[in-house]
Amino acid sequence: MANIQKALVVPAKGADFVVDAAFPIPVPRNDQLLVKTKAVALNPVDYFMQKTGMFVEAYPAVLGLDIAGEVVKVGEGEVASKFKAGDRVVLPGGFNISEKNAFQQYAVADAKFSAIVPANVSYDEAATIPLGLFTAYYGLYEAVPKGLGLTSFAGPDGVQAYTGQAIFIPGGSSSVGTGAIQLAKLSGFKFVITTSSLKHTDFLKSIGATHVFDRNISVDQFHAALKEIDGLPKIKYAYDAIGDLDTSFRLALEAVVPKGNVVTVNPRLVYDSPDKDGKVTSKFMTESASPSGAAHMRNLWGDLTKLLETGVLKGSRPEILPGGLAGIPAGLDRLAKQEVSGVKLVARPEETL
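In full-length UniProt numbering, the protein residues as written are 1 to 353.
Calculated directly from the structure, the hints in this document are not laboratory data. Glycine included, each C-beta is placed from N, C-alpha and C at the ideal position. One thing to keep in mind: the hints can contain errors.
Heads up, simulated EDC-like pairs for lysine to aspartate or glutamate below, C-alpha to C-alpha not over 16 Å straight-line [unchecked claim]:
#1 K13 to E70
#2 K112 to D303
#3 K84 to E70
#4 K314 to D202
#5 K236 to D277
#6 K36 to D87
#7 K337 to D244
#8 K190 to D230
#9 K279 to E254
#10 K199 to E339
#11 K314 to D303
#12 K36 to E351
#13 K84 to D31
#14 K36 to E99
#15 K234 to E254
#16 K236 to E254
#17 K73 to D87
#18 K82 to E99
#19 K36 to E70
#20 K227 to E254
#21 K234 to D277
#22 K73 to D31
#23 K73 to E99
#24 K51 to D16
#25 K36 to E350
#26 K112 to E57
#27 K283 to D244
#28 K112 to D87
#29 K82 to D31
#30 K13 to E57
#31 K51 to D333
#32 K112 to D16
#33 K259 to D277
#34 K199 to D214
Simulated DEER-style distance windows between Cβ atoms [claimed, not checked]:
#35 M1 to G77: 14 to 24 Å
#36 K306 to E351: 28 to 38 Å
#37 V343 to K190: 48 to 58 Å
With the hints as constraints, model all of the structure from the sequences given.
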């Protein structure tokens with residue numbers, strides 16, 4: 001096996017991406033895997049990392065946080081020994097650790113945060129899952145002020161724990177929204193209400209949404225629409241999966257009753273506290289390396305293969321970018337311009353010329 005690969009790198013803070021055809025292939029250490037990246041997905045945070053240097057500790061840097069691929073080498077260690085060469089796996093990238101990130105043809109993976117991809121799921125679909133699903137999981141089940149503080153379906157008391165209740169998830173067709181809708185159904189919510197472009201209604205209902213409203217709905221129209229839902233209980237929880245102050249976050253605050261809980265996916269959102277209503281607001285923080293974040297990751301990844309195999313969880317709908325790694329910069333530009341709706345952009349690194 002060669003010791004160099006093609007990788008999409010950021011040479012310096014704020015610099016444009018460059019395809020490096022002689023980038024070193026990383027070596028797996030204890031309880032790690034070497035994975036040939038078959039499909040990698042794009043996220044808005046990739047764009048911010050390139051432009052601002054957020055999370056980046058050294059250059060040249062490889063970015064990308066969603067990986068699906070084939071195990072080609074297994075490191076030492078008890079956890080790694082559960083895998084073998086040829087296994088199809090899905091895993092998150094490493095944020096500030098280039099050798100663990102997605103935009104390259106080979107990446108190292110922590111075995112404890114890798115899951116087998118079942119035969120009924122393609123690499124392309126699998127690549128859409130890690131960051132969006134983890135963000136959805138963390139935002140729902142992490143304690144206030146970083147999440148809604150719900151009881152996880154993965155725990156002994158969590159399955160169907162919220163039977164009969166209602167939750168509002170604006171931004172349902174985003175990757176985070178898609179994950180949050182499905183997890184909410186696993187938690188037992190009877191009413192899973194979301195907003196989206198209405199062309200995605202059928203897809204959102206197929207994964208668990210019960211009611212889909214237009215993403216441009218006004219506050220008055222929203223309140224009127226809620227009154228038309230038969231048997232709707234008071235909404236105590238809302239997960240803003242978009243993070244826009246004037247639209248998704250405002251609707252989330254309007255949806256919940258006094259003393260209700262709202263979490264936003266946008267940690268940079270600045271807003272006046274709604275303490276006068278007793279409503280509790282939280283901001284998702286990317287802390288997968290923290291003790292609670294690592295515990296959430298293990299809980300989710302431990303169940304992921306079975307959930308995918310049985311069809312209980314699905315990824316987002318992938319749109320394949322041309323050109324392999326070389327197609328990623330144009331894809332990130334589309335994300336930055338908010339030109340992507342209802343799909344997740346995916347590149348296949350082995351198609352890089």
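If any of the earlier hints don't hold here, list their numbers in rising order.
Result: hints 1, 18, 26, 32 and 37 break, sorted rising.
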